[in-house]
Amino acid sequence: MDESNGNALEELFPQILPSIDDWPISRISKARKEIIAEVTEKTLQSILSQNGEEKQLQAVLAKAVYMEKSRINGKAWSVDPKDDKEFWGNVQKKLVELEAYSDGKIDDEKEILRNIIERYVSEIAGHFDKNTYRFANRFVPFAFNRLLNSTRSREFVRLFRNKKNLLKRIHLVGETEQVRNLAQKGTVIVVPTHISNIDSITIGWAISAIGLPAFLYGAGLNLFSVRFLAYFMKRLGAYKVDRRKKNSIYLETLKMYSTVVIAKGGHSLFFPGGTRSRSGELEKSLKLGLLGTALEAQRQHIVGAADDHFEKIFVVPVTLNYSFVIEAPLLIDEHLKNVGKERYFVQADRYSSSYKLVRFLVKFFTASADFTIAFGKPMDIFGNKVNEDGLSLDAHGAPIDIRDYFKSKGQLREDQQRDSEYIRMLSESIVQSFKVNNVAMPAHIVAFTAFSLLEKIHHTSDLYSILRMPAEFRRIPYNQFRQSVQQVQEELVRLEEKEDIRLGALATLDSDELIKYGTKSLGIYHAKKTLLIDKKTKDIICQDMKTLLFYHNRLKGYGLEKFV
Amino acid sequence: MSVGVIGAGSFGTVVANLLAENQHVYLYTRSDDTAASMTSSRMSAGQQIHDNITPTSNLPLLAQSCHLLFPVVPSQGFKEMIRALAPYLKPDNIMIHGTKGLSVKKKGEKSLSSQGLLQREHVLTMSELIRRESVVVRIGCIAGPNLSKEMSQGLPAAAVLASRFDEVILEGQKALKSHRFQLYGGHDILGIELAGVLKNILAIGSGMVSGLDYGENARALLITKGLSEIIHLAKALGADVKSFLGLAGIGDIIATCSSPTSRNFTVGYRMAKGESIQQIMETMEETAEGVNTIRIASGLARYYNINCPIITTLHKGIFEDLSLEAGINYLMNYRFSMDVDFL
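Residue numbers (this note's numbering), protein chains in the order written: chain A, 198 to 761; chain B, -10 to 332.
Hints in this document: simulated from the structure, not taken from any laboratory.
Check each hint, because a few of them may be wrong.
[Stated by the list, open to error] Pairs of lysine-lysine residues, derived as DSBU-like cross-links and limited to a Cα-Cα distance of at most 30 Å, are as follows:
hint, chain 1, residue 1, chain 2, residue 2
1, A, Lys452, A, Lys327
2, A, Lys606, B, Lys79
3, B, Lys68, A, Lys582
4, A, Lys481, B, Lys224
5, A, Lys632, B, Lys94
6, B, Lys79, A, Lys484
7, A, Lys582, A, Lys695
8, B, Lys94, A, Lys582
9, B, Lys79, A, Lys582
10, A, Lys695, B, Lys224
11, B, Lys166, A, Lys753
12, B, Lys79, A, Lys574
13, A, Lys753, B, Lys231
14, B, Lys79, A, Lys604
15, B, Lys305, A, Lys759
16, A, Lys534, A, Lys753
17, B, Lys79, A, Lys534
18, B, Lys224, A, Lys653
19, B, Lys231, A, Lys484
20, A, Lys713, A, Lys653
21, B, Lys79, A, Lys382
22, B, Lys163, A, Lys632
23, B, Lys94, A, Lys574
24, B, Lys305, A, Lys481
25, A, Lys604, B, Lys68
26, B, Lys68, A, Lys606
27, A, Lys461, B, Lys79
28, A, Lys252, A, Lys239
29, A, Lys753, B, Lys305
30, A, Lys442, A, Lys239
31, B, Lys94, A, Lys759
32, B, Lys224, A, Lys484
33, B, Lys166, A, Lys759
34, A, Lys272, A, Lys260
35, A, Lys632, B, Lys224
36, B, Lys68, A, Lys574
37, A, Lys604, B, Lys166
38, B, Lys231, A, Lys481
39, A, Lys606, B, Lys166
With the sequences and hints as input, model every part of the structure.
Written as structure tokens, this is what we have:
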């Protein structure tokens, strides 16, 4: 990457498929009707294969009816279809009749099931409109380019007079070339970390900036209630995921949809953590459901191959980092209260109006937040690294024939328990990749050091007593702080050499500069500035322990506290 | 289809003989000469070998003829073995190991010698080593009260076969089916591996108690308190307590801590009788894994600040010239806080 000019990145990465009509997402959108039919049929078969008996099938339907009716009795969302109540009422009526006159046949139950699945797929399946894409693609980079080219305060210009590239607020690092390369050889699944609502935009921009076609993306149905967002999301290939619907028919339909579009070559994007990290930490455990659909698509490519050639699926973990996460106070509060997910999704619909959303975006893009997007090494669906031709390699660099993973004693064999272990292995590899591609930014370094130092000074690791510490205890003498920051920086350099972490462009600044810059950029627009440098004494003052904890957590798990 | 056993030590030979009741077995040994003499004498590690066993020193042959492999080599030689084998292995191979030791990564070896501290990421169980060095993922581990001498006499025994893959458990149980050997299945492979590994520490301690003639009360004290220490350690390494209360934990502890035929027990016994650790190691025919395990366990305990007075004292007694009497005296005056605190 040419660091000397601040031009938009997309000029440096030409689009790999210049015509939008050639994009997988366009093909999939055009075939929407056929795909709905295919997903319906396959989901039906899948559910029947496990519930072939009349009684079993009735139980599945009854459970779905029960769960859907209790969802409908709750607060409705504006996206919910108007006939929801009527539809499920009818299903219930028919089901009661069928249960009363049980005849040993499943034709009627099958028909009801088919109707439900079809209703679900039609809701889930997304559209893609190239004109909207073109518009959004001009609008979003406009905001990002502002970050790329924005000038910092005069003070920092002076500080980095000879290092103009450091003035950039956005850093795109990692295996971008290989990802571009593999997107032309197979299907790419991008799996980013998740910490802010802005992530969808950030990763969407990054994908377009490195010259890849738009990705399919499962967006929470609640976002479609915001008219402004819904307009774009509906046309940008996002498919809808309703987290309120937890019945087995819906989940099976959703997974089948994802499997089918991946198997059709649709590059896809999942946030494998499932939800934003409440604590600020990197994801340590992942939701396996959607990852499983990528594995299943790979298995189908192999089982369905007529000869030695089969399509391959590549997984690319991406670590996103910000010096300012606008919703940090809210997230850490939730983490501390340990609020259940269920309640959260209903309550925290914070961007329920277009006005609030636009205000959020404006605030984010005008704030002097630094952020980094780090593309990890692409891997195959089993977590093995792959070379530039997409060939899977073992730890010693020898090629692996991945078909063997689906074999037993040399023969292809289906085994769901085995495959579920593979998904767990993949999720471990993704978590590991998140960790080594995490980017230590000055803001995180000062937050980590300050929090750990306060723990050390007050001899406590009891979280709640630290969080409740009175103001006079939340001061750190400058020299002590500086020394610890320097030691942490030195350890970070050692970790980077071992490729255990990435260093932000500014992380190796002289410690005094790093402290100045880090405290300033840390959570820059929070109501209470997280860290301040006392003008007189130069002491480091912590004004908000909770957000300090949040940003500190990003560097947890590297053993850095031993150097504070 | 044949199955393979890697390592013709006493336990490897026991496993091969069990397997040979149901199918043809290749029994691998590194040395060509040993393989040849085993073929002619039909003896291995002092045991008669079954007619269904073919001794071999041909690693590619072994990997190409067997989908199911049982590595039973000492932890010190495990990495070298798996590296040599790796080029012939495929993702559909199944490996079920019976090695009761840990491996320390290169990075860690340095930190172990300089500061004596050891982190989780520096320590590998044998299944983790297989994962790291080869493409094999279908990995299992066998552990339990399996004193080789008794099993070679055909006496009844049982063990746990742990794997995350049902296929591994089923294939292993099928291959090892025997009226004198019961094999339970389980999914907690880390717990089962660590139980098998860490119990050797207690076996050494128990040997010392016998060597010093301290009696059965002292042995019970050592085992009970020591069990609590190894459970805390295993928890810090990410394992589940449950496995320690089964065959691979308590079961194996009861067998090894009371048996003079156990190698680790013998190490402790001979130390108590005045021999130095060097003398003992040089004159033992097969590796006593426990000695290295004490070193690793003590490094881990120090890094994670886990209170392990028994392990620490054993470490000092073996590696740092602390006399055994002084060690026991220290432990008897140590103020343990609670009797049971790991449940």
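For this session: Below or equal to 30 Å on CA atoms is what counts here, so check Lys713/A against Lys653/A.
Result: The given pair, whose Cα atoms are some 22 Å apart, holds under the 30 Å limit.
Problem set entry | Agreement of Lys68/B and Lys582/A with the hint, judged by alpha carbon distance not exceeding 30 Å | OK: Lys68/B and Lys582/A at ~21 Å, within 30 Å.
Problem set entry | 30 Å Cα cutoff - pair Lys305/B, Lys481/A | Measuring from Cα to Cα gives roughly 37 Å; hence the hint is violated.
Exercise. Does Lys481/A pair with Lys224/B here, judged by a C-alpha cut-off of 30 Å?
Worked result: 18 Å, holds
Exercise. Does the alpha-carbon distance linking Lys79/B and Lys574/A stay inside the 30 Å limit?
Worked result: Holds, at roughly 23 Å.
Exercise. Going straight from one Cα to the other, do Lys166/B and Lys753/A come out at no more than 30 Å?
Worked result: The hint is violated at about 47 Å.
Problem set entry | Satisfaction of hint between Lys582/A and Lys94/B, Cα-Cα up to 30 Å | 21 Å, holds
Exercise. CA of Lys94/B to CA of Lys759/A, is that 30 Å or under?
Worked result: 21 Å, holds
Exercise. Can the restraint linking Lys79/B and Lys382/A be considered satisfied, given a maximum Cα separation of 30 Å?
Worked result: Within the cut-off at roughly 24 Å; holds.
Exercise. Are the Cα atoms of Lys753/A and Lys231/B separated by 30 Å or less?
Worked result: Since the Cα atoms of Lys753/A and Lys231/B sit roughly 29 Å apart, the hinted pair holds (cutoff 30 Å).
Exercise. Between Lys224/B and Lys653/A, does the CA-CA distance stay at or below 30 Å?
Worked result: 25 Å, holds
For this session: For the pair we were handed, Lys68/B and Lys574/A, check the Cα-Cα distance against 30 Å.
Result: At roughly 26 Å apart (the allowed maximum being 30 Å), Lys574/A and Lys68/B satisfy the hint.
Violated hints, in rising order: 11, 17, 22, 24, 29, 33; the structure is consistent with all others.
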